[in-house]
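So the protein sequences, as listed, match chains A and B. Per this note's numbering, the very first residue in the first sequence carries number 624; after that it's consecutive. Per this note's numbering, the very first residue in the second sequence carries number 624; after that it's consecutive.
In case anyone wonders, no lab produced these hints; they're calculated from the structure. There are no misleading hints in this set.
In this list, chains with the same sequence are indistinguishable; a pair is considered to hold if it fits within one copy or across any two.
Below are the DSSO-like pairs computed for lysine-lysine, each with C-alpha atoms no more than 27 Å apart in a straight line:
#: 1; residue 1: 849; residue 2: 1429
#: 2; residue 1: 1359; residue 2: 1432
#: 3; residue 1: 930; residue 2: 916
#: 4; residue 1: 1482; residue 2: 1454
#: 5; residue 1: 1510; residue 2: 1163
#: 6; residue 1: 1454; residue 2: 1429
#: 7; residue 1: 1428; residue 2: 680
#: 8; residue 1: 1359; residue 2: 1428
#: 9; residue 1: 1050; residue 2: 1287
#: 10; residue 1: 1118; residue 2: 1017
#: 11; residue 1: 1459; residue 2: 1432
In case you want the letters, here they are:
There are 2 protein chains.
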Amino acid sequence: MSKQYVYYFGGEKAEGKAQMKEILGGKGANLAEMTNLGIPVPPGFTISAEACDMYYKNNRSHSAEVKTQVMKNLALLEKEMGKTLGNPNDPLLVSVRSGAAVSMPGMMDTVLNLGMNAAAVAGIAKNTGNHRFAWDAYRRFIQMYGDVVMGVAHHDFEEALNAVKKSKGVENDVDLDAADLEKVVDGYMAVYEKSVGKSFPQDPKEQLWGAIDAVFGSWNNDRAIKYRNINKIGDLLGTAVTVQSMVFGNWSETSGTGVCFSRDPSTGENYFYGEYLMNAQGEDVVAGIRTPKPLTSLEDANADIYKQLFDVKERLENHYTDMQDMEFTIQDGVLFLLQTRNGKRTGKAAVKVAVDLVNEGMIDKETAVSRVTADQLDQLLHPMISPVLKKNLKVIAKGLEASPGAAVGKVVFTAEDAEAWVARGEKVVLVRRETSPEDIGGMHVAEGILTATGGMTSHAAVVARGMGTPCVAGCKAVVIDEKAKSFNVGGTVYKEGDFVSLDGSDGEVYAGAVELEQAEISGELNVLLSWADEIRHAAKREGIADGFMVRTNADLPEDARKAVEFGAEGIGLTRTEHMFFEESKLIPFRRMIVADSLDERLEALKPILELQIIDFRGIFEAMDGKPVTVRLLDPPLHEFVPHSEAEVRALAAELGKDADKLIKRVEGLQELNPMLGHRGCRLGITYPEVYNMQVEAIMKAAVAVAKNGVSVHPEIMIPLVGTTAELELLRANAQKVIDKVLSETDVKVEYLIGTMIEIPRAALTSNLIAPHADFYSFGTNDLTQMTFGYSRDDVGSFVPEYVEKKVLKDDPFQTLDTVGVGQLVEMGVAKGRSVKPMLKTGICGEHGGDPESIAFCYKAGLNYVSCSPYRVPIARLAAAQAVIAAK
Amino acid sequence: MSKQYVYYFGGEKAEGKAQMKEILGGKGANLAEMTNLGIPVPPGFTISAEACDMYYKNNRSHSAEVKTQVMKNLALLEKEMGKTLGNPNDPLLVSVRSGAAVSMPGMMDTVLNLGMNAAAVAGIAKNTGNHRFAWDAYRRFIQMYGDVVMGVAHHDFEEALNAVKKSKGVENDVDLDAADLEKVVDGYMAVYEKSVGKSFPQDPKEQLWGAIDAVFGSWNNDRAIKYRNINKIGDLLGTAVTVQSMVFGNWSETSGTGVCFSRDPSTGENYFYGEYLMNAQGEDVVAGIRTPKPLTSLEDANADIYKQLFDVKERLENHYTDMQDMEFTIQDGVLFLLQTRNGKRTGKAAVKVAVDLVNEGMIDKETAVSRVTADQLDQLLHPMISPVLKKNLKVIAKGLEASPGAAVGKVVFTAEDAEAWVARGEKVVLVRRETSPEDIGGMHVAEGILTATGGMTSHAAVVARGMGTPCVAGCKAVVIDEKAKSFNVGGTVYKEGDFVSLDGSDGEVYAGAVELEQAEISGELNVLLSWADEIRHAAKREGIADGFMVRTNADLPEDARKAVEFGAEGIGLTRTEHMFFEESKLIPFRRMIVADSLDERLEALKPILELQIIDFRGIFEAMDGKPVTVRLLDPPLHEFVPHSEAEVRALAAELGKDADKLIKRVEGLQELNPMLGHRGCRLGITYPEVYNMQVEAIMKAAVAVAKNGVSVHPEIMIPLVGTTAELELLRANAQKVIDKVLSETDVKVEYLIGTMIEIPRAALTSNLIAPHADFYSFGTNDLTQMTFGYSRDDVGSFVPEYVEKKVLKDDPFQTLDTVGVGQLVEMGVAKGRSVKPMLKTGICGEHGGDPESIAFCYKAGLNYVSCSPYRVPIARLAAAQAVIAAK
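Sequences are here, hints too, so could you generate the full structure?
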């Protein structure tokens, strides 16, 4: 038997099922599943994504097998419906829709009303007794087919339509009758013929193949590619195509169409949420042209249909054990479901739904933790406007709370401007009448989105929620003048470049830049994260200490405290150099750097020692018993001295030094490639007194804090080690200082001495280095720089192009390159543990807050990840997900 | 039985042998061997280097076992000699000498005449009937013991000696009689007592242990450590100590002492070469205080002794199958050998001796090839003064041809100055009355060495030959005024900083900086290298192409020709960027760089294409059939544009561009870490037209050359690849260009497309990259930079200190770090060959000319090394040695 490429659904039985998303797409698989569940679905068939893949491989043509199977299934459909395509008596009309395994809303093409032709109009008119409907359906089909399949300019069709309206002296489409619409069809035919060069196809099968080609082709249109890049969707075969018998929400006054969610996708409340329009087609709802009604009003309008829909919702949510996003159409009082899928939701909703479903006994904790993505959690950690501040703000306009979170930026009016302004460092709010899939790039970079029309399920709202970008939609008070690049609210004009602020959580818009404040963790989020912690802590690992911990990178006590609030279980990296940039330390530190002798240097270090003790005390107190990894001085010394001649002369005067000599000294510190220069432990070797001072400060601070009864666990970290001898020598130096400090007190302080693994050679020779290290912390920023030979400061000239051209899958500074850099991490761990089995290992590069990288770190056997305070909740979640995924 | 630490030799039988150098030192092992051969050697015993090791481990004290064994052997020696230490009637006198497994001439301490005390003087006087000799021996012993063992200032002894000479009114030591010398001894005793704080030890056993401690102690004196560092001598246990009965060259007029070589150590001629002094001790010869006589005159003076010595020489050379360096003493007409060892020799001598010994049937070719070191060969490749030029040069002075090769530099008078001047970039000639072991550092950095006194075996001569530094010794016309820092030759004064030139091959010294020319390969060297080639080419390797080839790095046709003369078998690296610095290409290239559009860039590339075709033709013609690897553009573009505002403005005028815009453009090219920036294949990705132009030029040049009947094998090399996609994409681009060029001609050209492996990630992911590469060339310069995280341009601030503190064994840019960087090379080869078993691999970093690194490359399975033209002969030799060593 030959391979199946086409799957039928209908007659209460389908060949596909929900698990077949990879080949049937989300839409096709769920239509099949609903059919099998006995939920009313118009019958049809789905051409698999494998056929799409083959279509591309076959130079955009279909195999004979696919053609045969499509025709066979079409015949089946005609038989079930009792109608045939193009039949002048009882024509079958179908929709042709895209559907990939991962939802890409609005990115690919759809053709409705397919099967319409001169003969079918008559048949439809006869069967419905509604000539106007028939001609309108034909008109719509010509326009859609012309646009989607043949690329005829939308504008040309509009002109032909307007010509008829003008000749009749009416303004709205609804004022056109059947005869008018017949004229419109004539006009459209002319437009089509002029643009395409041949007449509109009357053969429904030709139409069908044209539409199938168009949908397959839309898989690789620019916006679909861009969407997949932004959302990191790769490795899909292509899109499936679902051919389904049409049902019409605009059939009659007892017809309608709508979108509904089994719970509120914005807040997660367990509330049957949706919108609908009577006597309308689905595109009218999604496009935001007419403002739809809330679903609650359907109960009043048609209690029976509402009850049917409510029951379907209950069944589907229970079946899929997740919040559902459904499309329905009522044709002449009969309900049909056209789609169901797990609903996109805000971060807040994701957390609430996950926690509620556990409490309702529908899913377990691991499932709940797995359901919330890092991006969703990130939204909750976004800035907001404080309630106190809010009371005093003047609201200039109020729209729909389409995507939560607050945003501040300069007004721009096009997606291109948004991208351009952001590229040059501005923050923008994108203001549009309504957005369309072409705007995706600009929407992605904007701080916030404000639209004048459209509802909660409009393009802007759906996409913004998916991106976690704050959005206020349907804000009618905003009158946009695109030409003038300005908008008017109640007589006040806001121009391009003016600051506005908006709050997507309540739909409020404010003039100017409002102050934002950081989020806190509470309620369901706390519950979810506590489950995540349980899962992380319970992870059993053979030959490795159990659990998978989350630490933070913090240089200041206030950061440390914030991180602890967010759930940090220690500090993975305290960079001491930031401390030196404080006024009080910078001058003594500069005096140290330019010292002419060891004595002078030692003298200069004395006041710094005292100040560093205060720094470290603050951090130890904030961490109260949790381990604190302090990295000794890392950056090259020239970062601490001024470089212009005038500044150096001023410094010379301040230090009482000869200016000319000092200029030479400062010049001598310059380096051609400072990233590969005299820094890190290389400074510790050539200026041992600096590291000794830092170790002394750490230990004295620890002793002082311990005396006050605070438990303290300093972990001294020596950076940039590339050879065993470096660590051996510096460890011995540090040990001497530690022994001296501890010998002068009777307080006991437990401490560790370890190193960063951030030089490729250190990873390669980890078996030699490990005997001298109590712990490793992988510094994946520098490790990435050196493994790739990329300077973080200079990659702007080619890495974006690399990502675009797919030379790189991701920017390796954002997502750990597991193939190359990760190989060194694995090697570092494995070789280190080959000589020291329980060697403690962690990561403190910025990858420590990236979910993919966290998953890698867990698999690589690291004991902890460390990230910035605001990423700690995300790391807690991602760490738990890594543990679950590895099971 | 307890471990043996002391080995006796004497009575025609020795406990040791030549193969025991590791523990008996070269001297002790060869004394044992000579004893066993029946050659006259004064009996004695050797305390092993293991005892030295234990001495240090035991906190500078001897174990009871060592003490016991020394005393037992001393008793044996006393029995054989029929004398006892300190016996007033017939005292035994012994020498106590150092001797490590590797010769370290003059670096460690020696004590002679040990056993002398008040009682022994009487005995010696009685036995010899020579009171003066006895007192002189005592005097010498006190001075030497005081100096070497107790650190008494040499100068204080000199003062005491001068006081006696003054009171007697004589100037020379020889004018002092026994009574005078007794007074000198009294004076010395006072000096000793004052300096040491106790009287001179009269107990010979106390003297003996003092001397043994001093010799062991001298293993770790500063100059010995420095010598081992310079000569990369590591991993030795320590020094052995040989205690041997004294024989006296100053016993009588029929006594004498000398040094001889079985062949000329300077030229390698098979000629019994040596120097001696009658009635003198060995130190008189080595110190260069008296000028010794040539050995030939000994034949006239004492034919019998000469014949005995000649026979010994013949036997020893035949026995060791190598040129011998021997020390002998004649005591009262009886010949004793005190030392034999494989003689240090010049590069020229090394080659000639090795080839001659093969021709004489004494050794095989592999042994000959193994015997010549890279450093020796390097000497032969040193600059020389052309014979033509030489005829017209005015010789200001002539000395001994102590170490061959010509040198030019500024005059300095102390070793410290030499080091300081060289450190700041000067080239110097070190001018000394005579050199001493303390001068070793300055000698190492000097271009040449000129001494006023001393013979061919003086310290300066021996050390300079070992180092391959040109040296003219014993140049009596040079009168040095150290205080004034000048020297006078026949009334003309040359001051510090004046240029002088010298030719160590004929002893000539010239004023000013003479032009030097490069060496050529001929005669025995050619023979030796052809043997090396045979060995390399015959190397059979499982799963790898046979043989081990030597290529060169050459950017210009003249370099390529020179390299072929030197035996290069292809070009491993042609850097195209150097070509762009030529005037004719620089302006168009700059026009290309600052082009505002692709069209402008393509236009600018047109003239460059034509010029590059000429470049590549020249190289292909020079290499005539040998493979040529051309690396596409590598450095960042900012290296090609001027940076000062004035220069950029001038460039703008020349190119007809807006100056302010151009300034911005040039600024935009700057990078913080250019080594890790936008360069290599990253340029090829972002500016494909540049690489395409280069590929077109390579292929068009190849076609043009092929049309002229020249065989041509271009290998196109894409640099700085870090990801598979880079190579895949650029290879596809190149292939398109190649196909186009070849489609336009009927000439066939074989070509390869490969990549440099110089980014750690490339080595780590070599299994992914290899499918797209026809060959790999390991760029170990960049690979070292990135594996260590060192910028070659910036390591001056810490790498020297690292090497000194032994954090690094070697500068990794000179000798490949096999542990770290080498691991990546091995991984690159292994992973690459795991998917492409016969993948061609080579190295083109500067390590390709370093013998240790070459040995590593062979073991790692590389097919070739590539180095600069002048290193090619060394690489040929080292490659053969690698093949031999791996057998």
